[in-house]
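> Protein chains in written order, with full-length UniProt numbering: chain D, 1 to 258; chain F, 1 to 258.
Among the hints, erroneous ones may be present.
Each pair may be met inside one copy or between any two copies, as identical chains are not told apart.
[Stated by the list, open to error] Below, in silico cross-link-like pairs of lysine-lysine (PhoX-like), each with a Cα-Cα straight-line distance of 25 Å or less: (1) Lys230 to Lys67; (2) Lys248 to Lys67; (3) Lys230 to Lys72; (4) Lys80 to Lys118.
Please keep in mind that the hints were generated in silico from the structure rather than gathered at the bench.
Protein chains: 2
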Amino acid sequence: MEIVFVGAGRVATHLAKALYAGGHRITAVYSRTITSAEALAGEVHATPSNRIDALPEKADVFILSVKDSVLKDVISELRKGREQQVFLHTAGSIPMSVFGEHQHCGVFYPMQTFSKEKAVDFSRVHIFIEGRDAGTLDLARKVAETLSANVHELSSSERRYLHLAAVFACNFANHCYALSAQILEAHGLPFESMLPLIRETAEKVETVHPREAQTGPAARRDENVMDAQKALLADNPQMQQIYDIMSKSIIETLNSND
Amino acid sequence: MEIVFVGAGRVATHLAKALYAGGHRITAVYSRTITSAEALAGEVHATPSNRIDALPEKADVFILSVKDSVLKDVISELRKGREQQVFLHTAGSIPMSVFGEHQHCGVFYPMQTFSKEKAVDFSRVHIFIEGRDAGTLDLARKVAETLSANVHELSSSERRYLHLAAVFACNFANHCYALSAQILEAHGLPFESMLPLIRETAEKVETVHPREAQTGPAARRDENVMDAQKALLADNPQMQQIYDIMSKSIIETLNSND
């Protein structure tokens, strides 16, 4: 297929490279910043551009992977002269309705966290697709299936909960790592020593439900340890509050599961 | 070395099996519950017992791996006739002072989360040791080095912070997974779809500091998405509070790092 990428950030970069490697042709890459467009275009043998009006008028699909806050404006500009083209956006948190009156539109949400530094194995990624019309849905599925066997159709309304769940499992879990690092660094201890524990905790839930896998002072209802640990956080009221509410929530989750 | 295990729970089981595989001799295993003692003893060719007074009077080291709440009482009973023996406990959250006047005592804390279901690769685990006297510290180091190249001496006072950091990185991260599962299950979505994201998030911090690795609505200061996600949690005030405080904490962490 011929694909135009509107956006050259982390998601666009990983996705464009994976689709290129999967045999698709990336004809053009847009970014507001020409150096970003050039960097990605160079990797997938596409034409870079920092002007939406200079993009091809036709492609099998236009994949929009830009900041949530500018998506609406980008759609409105991209539509001019491309009213009959197929547009897909990649934002987990934005409903399909962002496309307004554009007919052939849909969503292509690869549920993964993408960083500049690290390659992503798309074959393990679950991709959630949606289409306003059957043709767009079918096209989104075809593109997705070149990358992953885990392709699911999901409405915008349900995708809100998926994205919320991802914020807990990914963003908040990562912040727990960051708080852990902060505690360690304040005491000259190496964050590196925490890595086997982090890895094991993540791997464990591949075979054991996280409710069953829960360990620690709160899971043991060990008030002595919890009180002592809260006291260690006396100089950081916010971290102390996080300790407190997470512990309470662990206890309630286990109680309700008993 | 000849080792007696006092305790046959998860930590004791993984540790005894790893030490046995590493060439040590486990002479006896105690558990209050004889079937637990027998189960572990059977795996490491030791003598099971549910009576502390029936344990050997001598060994190179007695490893105490029992519930935090009963550790003090178990030490006091084990000491009788074994005043000159070497005792090590495995509890991250308990200071060495729990041994009272016992002379040859120390701590052997393998920082990992252990589950019944899953084998643990000790070579990746960081082990934190402490000894009241040089001989005990030396012995703890020798035992630890048969399992892992990552052996660190750490005082009880500093270990409190290490353990606290582990609660954040492991217990609280796992609870984030549990909350994610709860959201997914309430909407008929498979928790399994979250696993590649969980794995990637954990692996990423092996090469990128968690503060740098932070993504998501809070990291983007995207108030629209945060407000919308909080609204989705309206029927669960506690989860909403967790969402709120974690998001604030992410923003403050990134601000202080800018």
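> Evaluate each hint against the coordinates.
Verification of the supplied hints:
no.: 1; hint: Lys230 to Lys67; in the structure: between (38 Å within a copy, 20 Å between copies)
no.: 2; hint: Lys248 to Lys67; in the structure: between (36 Å within a copy, 21 Å between copies)
no.: 3; hint: Lys230 to Lys72; in the structure: between (45 Å within a copy, 22 Å between copies)
no.: 4; hint: Lys80 to Lys118; in the structure: neither (36 Å within a copy, 57 Å between copies)
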